[in-house]
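Participant: Let's have the full structure, built from the sequences with the hints guiding it.
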Amino acid sequence: MLINKKQTWSLPESATTPENDYLARRKFIKKAGILSAGTAISTGLAQGATAGFPEKPNLNKDFVVKDRKPTPYKWITGYNNFYEFTTDKYDVRHLANKEWKTEPWTLKIGGHVEKPLTLDVNDLCKQMGIEMRVYRFRCVEAWSMVVPWDGFPLSKLIKKVQPTSKAKYVKFTTFMDEKTAPGFKRYDYYDWPYTEGLRIDEANNELTFLAVGVYGRPIPNQNGAPIRLVVPWKYGFKSIKSLVRIDFTEDQPKTLWNSAGPNEYGFYSNVNPEVPHPRWSQATERVIGESALSPRIPTLKFNGYEEQVANIYKGMDLVKHF
Amino acid sequence: MKGFYRFVGSRRFILPLIIGPFVYLAWIFYSTQPREPENMPEVAEATDAEEFDINLFTVTDEEFNQVTGEGKEKTQTESVVNIHERLTDDTGNIAIAYFIWVLCLSPLKVLLRRNKLVSALNRHRRTIGLACFFYAMLHLVIYLTNGLQTLLDEITRLYIAAGLSAFAILLVMALTSNNWTQRRIGGRKWKKLHRIVYIAIPILIYHRAFAGKVSVETIRETFIWFSPMLILQGLRIWKQIQEQKAKA
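Top to bottom, those sequences are chains A and B. Heads up: the first sequence begins at 89 in our numbering, then just goes up one per residue. Heads up: the second sequence begins at 178 in our numbering, then just goes up one per residue.
If a hint is listed, it holds; no wrong ones were tucked in.
Distance ranges between label pairs, derived from CB positions: (1) A:Glu187 / B:Ile418: 52 to 60 Å; (2) A:Thr268 / B:Leu294: 40 to 48 Å; (3) A:Glu266 / B:Ile396: 20 to 28 Å; (4) B:Gly411 / A:Glu394: 53 to 61 Å; (5) A:Glu394 / B:Thr333: 23 to 31 Å; (6) B:Leu341 / A:Glu362: 19 to 27 Å; (7) A:Ile385 / B:Thr333: 20 to 28 Å; (8) A:Ile400 / B:Ile414: 57 to 65 Å.
Interface residues of chain A toward chain B, partial, derived using beta-carbon atoms under 7 Å: (9) Pro236; (10) Pro308; (11) Ser369; (12) Ile376.
Partner residues are not named here, just some residues of chain A that face chain B (Cβ under 8 Å, in silico): (13) Pro158; (14) Tyr161; (15) Thr165; (16) Tyr167; (17) Asn185; (18) Tyr303; (19) Trp368; (20) Ala380.
Keep in mind the hints are simulated off the structure, nothing from the lab. Treat the numbers as computed from the prediction; the structure is a model and nothing was measured. By construction, the Cβ of each residue, glycine as well, lies at the ideal position given by its N, Cα and C atoms.
Facilitator: This is the structure:
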């Protein structure tokens, strides 16, 4: 399957964040971090400000959640599921920023493709261009956020590597470093490293996104630095963090949660209020940041993206293929 | 030393231990109100405007450093993001802690008959039991705020059903835990009735172990929590068997 048609959502190169700005920004933020640690030199700051993040990063207005407010940054970055570090959602932030280095970072794209790629994530951003989208994020634990991501659609990358006709699925693999992340040893009953998978048509959907930033800043470690998948119509665990490999495969790839609980976490894991988790209801969700007394809101089919994705699953029994 | 035991056996000792967790929960609840982010414009309005204010979707470098920094930068820790989840977990855990505590006391009394500390603590068995019921009730009420739909969806789940039946047992025990009913029912019958608490042990272990997403973790945790009580109960049974053998 070759994907050469011009997509309606695709932005002209000129519309995306200039690469140099993006890269300079990553460096600047590092510098700023060191400065704030004690050696504040005013000239350094002034220099950084001009080389910093562009004042107006490009927002792709076709992909903005309009009926809900974005979740404040401190909660997006302070409440994370990242079992490579800990199962405590509040503690991930500290553990992920301790010893774990996410720069430089190499991403390898291979499998059934014409042009396999191995490159640094900064170079990848340079080639792909960065745009901002605001997506709903629904965790399988029945809570939800609204997150402004920065990145590029996965289909853009797929077009570049040219999958062969054998490529029916895409397998995603995250990092595995027992020295910097304590979870691998502590939760050794999981099938590490974390892997996830999509069908090729799901991967090519206009919504499927590779994020390298949150709220116009590089993606924090706890949110899956330096590059992660975002599949907004599926439960959050499908949106695998900190990618090191993307492989195009012929067979349906094994995924961590599906191996851990085949009757609880399906391969598709589309957000569906009509299909409850074996242990809890998925009909409603709790909005992160609201009062303990505010009622849950109803969960939308495909997390509100039915229009964009329903045709992928035409004729499929979504209860059987949950 | 006598004064110490008298203190341990008194209300001055037990009441703070019962009320403390409630103060903590109330503090979490009030310190996190109101949660609605202020000064947030409506997104639809903002994005439809010609001059779109990107600040709505961007943060400053300072904010970025605050959430990715270590040590000094660690200050802005969020201890509660999902308040509902935090209150549910905490009330449940507190109730179970009292449950385990009270069920440790009776075997301790059998095992260490002349220990003064154990006898002093045993004076609080009713108070601790009622505290367990109180926090279990809070736990249930907070769960019920998820709405009727959620309850109907989940009532068939075994761990929810387990939680509800454990609550029913605690309710029966709490309602009969006063001098008047105790006298009316009669000591021996009352004791017999209150043996239903032993049914609640496996039910609560199941409820605690399978309530979360992380099954292996929570199962491990649950058994660590319950093990002191289970060991003491086991020892008590063993001792009673030994004594019966000696009699025979």
